[in-house]
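Build out the structure end to end from the sequences listed, making use of the hints.
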Amino acid sequence: MKQTDHMSNPADEIINSLDGITRASAGPHLYTRIRARLEEDRSVWAGIAAFLSRPAVAFSLVLLLLAANALIVLRNPAPAAEDNSDQLTALAQEYRFDKTSMLEQNATLP
Amino acid sequence: MNESELIERLQQREEAAFRQLVEGWKDRIYNTALGLLQQAEDAEDITQEVFVTAWRSLDGYRSEAGLTTWLYRIAVNKSLDLLRSRKRKKRFAFVRSIWGQDGSLESDAPDFHHPGVQLEKKQEAARLFRAIRQLPDSQQVAFSLQKLEGLTIAEIAVVMELSASAVESLLHRGKANLRKILTTHHEENKGT
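Residue numbers (my numbering), protein chains in the order written: chain L, 1213 to 1322; chain C, 182 to 373.
Just so you know, the hints here were simulated from the structure itself, not pulled from any lab data. All residues carry an ideal CB built from backbone N, CA and C; glycine is no exception. Do not take every clue at face value.
Derived DEER-like restraints, expressed as beta-carbon distance ranges [as the list claims (entries may be wrong)]:
1. L:L1276 with C:D240: 35 to 41 angstroms
2. L:I1260 with C:D240: 20 to 26 angstroms
3. L:G1239 with C:K361: 47 to 53 angstroms
4. L:A1261 with C:R360: 34 to 40 angstroms
One side only, chain L facing chain C, incomplete, derived with CB under 7 angstroms [unchecked claim]:
5. I1227
6. L1230
7. T1234
8. R1235
9. A1238
10. Y1243
11. A1248
12. R1254
13. L1275
14. L1278
15. A1279
16. R1287
Chain L is faced by these chain C residues, among others (derived, beta-carbon under 10 angstroms) [stated by the list, open to error]:
17. G216
18. F232
19. L248
20. K303
21. I362
22. T364
Structure below.
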């Protein structure tokens, strides 16, 4: 009976074609290749580090950094000295540190 | 040497332990990747990547699931990533071909012959592998792990991080889909 069912459905026959399959083996020297890959990856980083530590590259990078700093400083000039004195005057007036107010204070003393 | 000892030695970066890991697990990983990718070169490449990834992430390894499951999981994820990137490339080539650019549309991959299939079943197995390619990813993974690696439902569930009943349902649906695909092909072949 089972055989008749099997015969009647070729799809099932195909699905069962993997029964008894054996495991495929990886190629030889896999370990050596993996080690080489690990070394290769390590050497990529070592290569980047070596490139960055070349005197010409390092010097150029420092110059670039300094130029960027200079550009930022020049584009944003320090606020004028007047602003500072205005702020100081305002502060002095607020806390009555100016000369006139100090004389007024003394006048009221007994 | 038991598994926990091996892991300890691996975490101490012992070369001999790593060699033992590769030699002991390479065929399982290769066979899993081969079943999913159906291409020997890609499977070899993924196998190498699995061990490189394992070596790099040994410090973060937690042994709840076991070494074998961990390696299977990496292999499945990497294989699926490659399959998805292949599909993306295929879609891109299709779009380019529509726009008349030189994206020559990649024809269907050639028949895959697994080296472990019995000779008398070779043609049928090739047809089955062609049908497997049309299954959704999760059904493909569950079916391949069961048929090619002989894993139990419980083991597949741990690898796929699913419940046993979810895996059972995946396998059931996978087989139903395969039956449908194969029957359609059969009918088409009869018609021509």
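Looking at the structure, which of the earlier hints fail to hold?
-> 3, 4, 11, 12, 13, 14, 15, 16 and 19
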